[in-house]
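**Student:** Using the sequences plus the hints, can you model the full thing?
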Amino acid sequence: MDESLGRTVLHDWHESHDGKMVPFAGWRMPVHYSTGIIAEHLATRRRAGLFDVSHMGRFRVRGPEAEAFLQRTLTNNAAGLSPLEAHYTFIANEQGGAVDDAYLYRLGVEDFLLVVNAGNRDIDRSWLESHLPDRGVSLEDESEAIAMIALQGPSAADVLAQVVDARVLPENKRNRISITPFEGGDLVISRTGYTGESVCFELFPGRSAADALWDLLVKAGATPAGLGARDSLRLEAGLPLYGHELGIGPDGRDIPLFANSLARFAVRTSKAEDFIGRSALQEQRSEYERILRCELKTPPAERRLTHLVQPLAVFEGRRPLRQGWRIVFSGEEVGWVSSGTMVPYPIFQGDGLMARPGEEHAMRPIGLALLRSDLQPASDRPLHVEVHDDRGNVMEAQIVERNFWPVSPYGRPFGGFEAPADRIVPVPLSRAQSAALQLRESAAENHRWRRIDCINLIPSENCISSFVEELSISDPAGRYNEHNHLRALGVNSQEVRYYKGTAYSMAKEIDLIAALRSFFGCRGAEVRVISGQMANDTVYDALKQFRNRHRPRRTAAPLRRVLVHDLNKGGHLSAQVGGALKNYVAHDPQTERPAVDHFPAQPDNPYRIDAEGTCDLIRKGRPDLVIFGRSVILHPEPVAEVVDYIHREFGADNPERPLVMYDGAHVLGLLGPHFQDPIAQGADIVTGSTHKTFFGPQRGVILTTIGPGHVFEGFWRFVASRTFPGHVSNHHPGTLLGLLGATLEMLHFRNEYQPQVVANARAFARALSEAGLAVEGDEQSGFTDTHQVLIRGPRGSGNEMADRLESGNIITNPQAFYDDPSFAAASGVRMGTQEMTRFGMKEADFEALAPLVAKIILDRNSPPEAWREEVVAFRRNFVQMRYHL
Amino acid sequence: MSGLRYTEDHEWILIEDDDVALTGITHYAQDQLGELVYVGLPSVGTDIVQGETCAEIESVKAAGELKMPVGGTVLEVNESLVDAPERINSDPTGEGWVVRIRIADSSELESLMDEEAYKEYTKGLS
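As given, the protein sequences belong to chains A and V, one line each in that order. Each step along the first sequence adds one to the number in the working numbering, with nothing skipped, and position 310 is 310. Each step along the second sequence adds one to the number in the working numbering, with nothing skipped, and position 23 is 23.
One or more hints might be untrue.
Taking lysine to any residue and the SDA-like style, the derived pairs with C-alpha atoms no more than 20 Å apart in a straight line are [as the list claims (entries may be wrong)]:
1) A:K569 <-> A:A611
2) A:K569 <-> A:S408
3) A:K544 <-> A:H748
4) A:K219 <-> A:A209
5) A:K855 <-> A:V872
6) V:K67 <-> A:R391
7) A:K173 <-> A:H635
8) V:K67 <-> V:E16
9) A:K569 <-> A:R174
10) V:K123 <-> A:A611
11) V:K123 <-> A:V22
12) V:K123 <-> A:P23
13) A:K219 <-> A:W13
14) A:K508 <-> A:A477
15) V:K67 <-> A:R319
16) A:K500 <-> A:A514
17) A:K569 <-> A:H635
18) V:K67 <-> A:R174
Derived from the structure by calculation, the hints contain no laboratory data. Remember, it's a predicted structure, so these values are computed and weren't measured experimentally.
**Tutor:** Shown next, in the form of structure tokens:
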């Protein structure tokens, strides 16, 4: 082989480990090892693949002008990266085509690493150098000085944690970076990759440390994989490759960057600074968006975007697709295969989210195609095309949405299109009646099972007393009671009721507000929201209205910035951009991402908020809204400290200060002197759901300290109007009546129930720990201050633990912790003591339950069903509800 | 003539009985291609001249082909390769045979290499 080929620092390792060495972009690289491409691809999807990618070009860009230089020469928003963040980007030419695609890693304020394709390293360097300003930026080629190793796949974090301390891994999110000492130098660890895997790392050791790092990763269980698997993995994930989906097309012209859907995220929209290719790219973007909306009528040949990259799949056939093959639709040539291969995919075992890849696999041909831009697949139906190979053979193929679903932890092959759902066929009355009877019986059976056979430990559920049940299904359950306050009628006028016959419901609604004021010490309550999620949504909506109160006749601006708990640190969807916050938060003009900050955790305890760090974030970000409270909650949150700070920093009476909200969904029934009293601590708003630790039927509430004359008085009026007519017309007066009954129960039994729930949780946590289970939280402080107890198993075992418990009639839910890649990879189980406390369990009873829980989880020699009888017998001691009227 | 004979394109041919022969690709060829995932076989009865493509043999990365070592008619194809192309990797000159042919003109065999010559030939390639 040509001696002029480059050799990476790991070359000799590859050669001595059966690497099949081939020339690639000027380098001598392993295309596969003796394992073979198929096994290497599968090892990455099932466990962890290890790739030497040191042939890629690495430029270090440093200096006070580095950011400005990268803003000019790259299409993505380098200024939007904080230190230790990375993103995909393009080096565009003036025509809006690719000089190259690249990944940019911001290591410090004035320190960037730019990784480019091996084959374009020299071109990229000359291009970048030709745009270097006279001073303020240094551009160095560090491709030799730094090696680059990719570690990709579901087990990648576990493998890496055997080599470096798990605590130094970057935060559990894509595009985060950490730097740690390794073998006498710095090791840059980046949560990035080119395989579609959600658990992915690219490692940048110094040249002299690369061998040691590689060896340790192999010993820790990573499977070395060559360029062959790297290509089939990226192709399956639908990621573009220069020379195929980017660069010069077969017609000799630039493929426009927006032919690739990734351009949406890798080309910035910021108007402020110019960058190379900007005007061409703006035109491409506008055309791209019109194509997606099916608004573009220009014939494809006259468009800038004549073709778009689309995934191609073959379901019947075994022949790999190849670059250059023609695509024909209805007898017309409509594009070409830009990349093609045949990929293995594991056959999954089990169902749904929890299915796992088995040891069996199958193969299927896939590819990427540049397809005429007037042809689009829809998510519910494929576009059938013909592929014509270079010899005139024709095969059937489909243009699909994607070939790989990056479900964490195990990505799935795209398996075809959905079948239409079944419908119920009309049947004669006699059969309908017997079906109804069966339904009643099965419902009664389920009721009995959950109430007397199961130990229910889900912390977000409870049972209502028969008193509350009766109220909830009494006549108002079928009625309306629309009402609101019309200011035009006068400040103290009665609310307008839009239905007659509702005087009773109206009166009880007022009683409920009074009862809630007594229980929580709040000034007001909005009780018509029918869930906790709706309560939150209504608050966001009202705050948006309030912030826009001086902007009539204009589109309402979203909230500038919000401070919430990160989803993976216990945050709930009702306070996430992916959930209820979606329509209410602005995009940060700098980062072009939703303007959301996350509470920092104390360095030694992810379950406690760092109050000082929080105040610092509030000072810098000046959010419109701060949302305390989460669905994994072990401790009180520092409401008083943060409220004090906000009142000092902004002024308590400043209507532009952040609104402080406490989402008490989980702990509503624990609020007060025995856990935390956010109302007394100065939160403006407390929202909650009424059926977790509180004794109510399933509803929501919005509680407030805002009253007449308060700086947010206007906001509170918007809460009422955004509830009705904003979010509800029928607010379920039946369960509202039930909630009144439940609040009376809470008022009466608070001082017995609340301390018992927490004492039980602490006793349970301690006993579980003594029984051999790993309990999350700080042992010194009793593990928990709430009803919640969290146990941790081996990585990803949460669902299996919860399944075992379910088979033994103990009902819990799997819980993903802060260091888990996704819900499907949950490592733990979340439990709560509130429901069983209500059925009379005390500390000693939870201490007796703990060893049973531990046995069901840990004893692998017996099926979990073996303990069901014991569990049922245990439960039968606690079937009488307590704390009820 | 006995034993396998080889072409420069890495096919082998084994004379079974007068003018009937088996053919396939060599160990060297399968090693270059890597794990095979597809074999496209010709129809039985097809006449193919020496050096023309007879079957397509492909791996994830590369598309290869089997060319006719000598001209002739396809008598039989190894159907088992359709579902198990990896047989060519594991046993290229045995279970991994590709087609059985009737040789049209035995004199074409003279252009092929014997085992030793082929060995020398592949040594020069690496």
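**Student:** Now tell me if each hint is right for this structure.
**Tutor:** We went through each hint and held it up to the structure:
A hinted pair counts as satisfied when its Cα atoms are at most 20 Å apart, and K569 of chain A with A611 of chain A qualifies at roughly 15 Å. The suggested pairing of K569 of chain A with S408 of chain A holds, with an alpha-carbon distance near 17 Å, which does not exceed 20 Å. Restraint check for K544 of chain A and H748 of chain A: not satisfied, since their Cα atoms lie roughly 38 Å apart, outside the 20 Å limit. Annotation: proposed proximity of K219 of chain A to A209 of chain A holds, straight-line Cα distance about 16 Å (limit 20 Å).
About 15 Å separates the Cα atoms of K855 of chain A and V872 of chain A, which keeps this hinted pair within 20 Å; it holds. With a C-alpha separation of about 15 Å, the suggested pair K67 of chain V and R391 of chain A falls inside the 20 Å cut-off, and the hint holds. A C-alpha spacing of about 25 Å is found between K173 of chain A and H635 of chain A, which places the hinted pair above 20 Å, so the restraint is violated. Note on K67 of chain V and E16 of chain V: the hinted pairing holds, with a Cα-Cα distance of about 19 Å set against a maximum of 20 Å.
At most 20 Å may separate the alpha-carbon atoms for a hinted pair to count; K569 of chain A and R174 of chain A meet this at roughly 16 Å. Restraint check for K123 of chain V and A611 of chain A: the C-alpha separation of about 71 Å exceeds 20 Å, so the hint is violated. Between K123 of chain V and V22 of chain A the alpha-carbon distance is near 17 Å, which keeps this suggested pair within the 20 Å criterion. For the hint pairing K123 of chain V with P23 of chain A, the CA-to-CA distance comes to about 19 Å; that is within 20 Å, so the pair holds.
Distance hint between K219 of chain A and W13 of chain A is fulfilled; the C-alpha atoms sit about 14 Å from each other, no more than 20 Å. Proximity of K508 of chain A to A477 of chain A is assessed by CA-CA distance (about 13 Å); at most 20 Å being required, the pair is judged to hold. For the hint pairing K67 of chain V with R319 of chain A, the CA-to-CA distance comes to about 18 Å; that is within 20 Å, so the pair holds. In summary, the hint linking K500 of chain A to A514 of chain A is not supported, as the alpha carbons are separated by about 23 Å, beyond the 20 Å threshold.
Of the pairs offered as hints, the one joining K569 of chain A and H635 of chain A holds, with about 13 Å between alpha carbons and a cut-off of 20 Å not exceeded. Our distance criterion of 20 Å between C-alpha atoms is broken by K67 of chain V and R174 of chain A, whose separation comes to about 49 Å.
Hint compliance for this structure: hints 3, 7, 10, 16, 18 are not met, and every other hint is.
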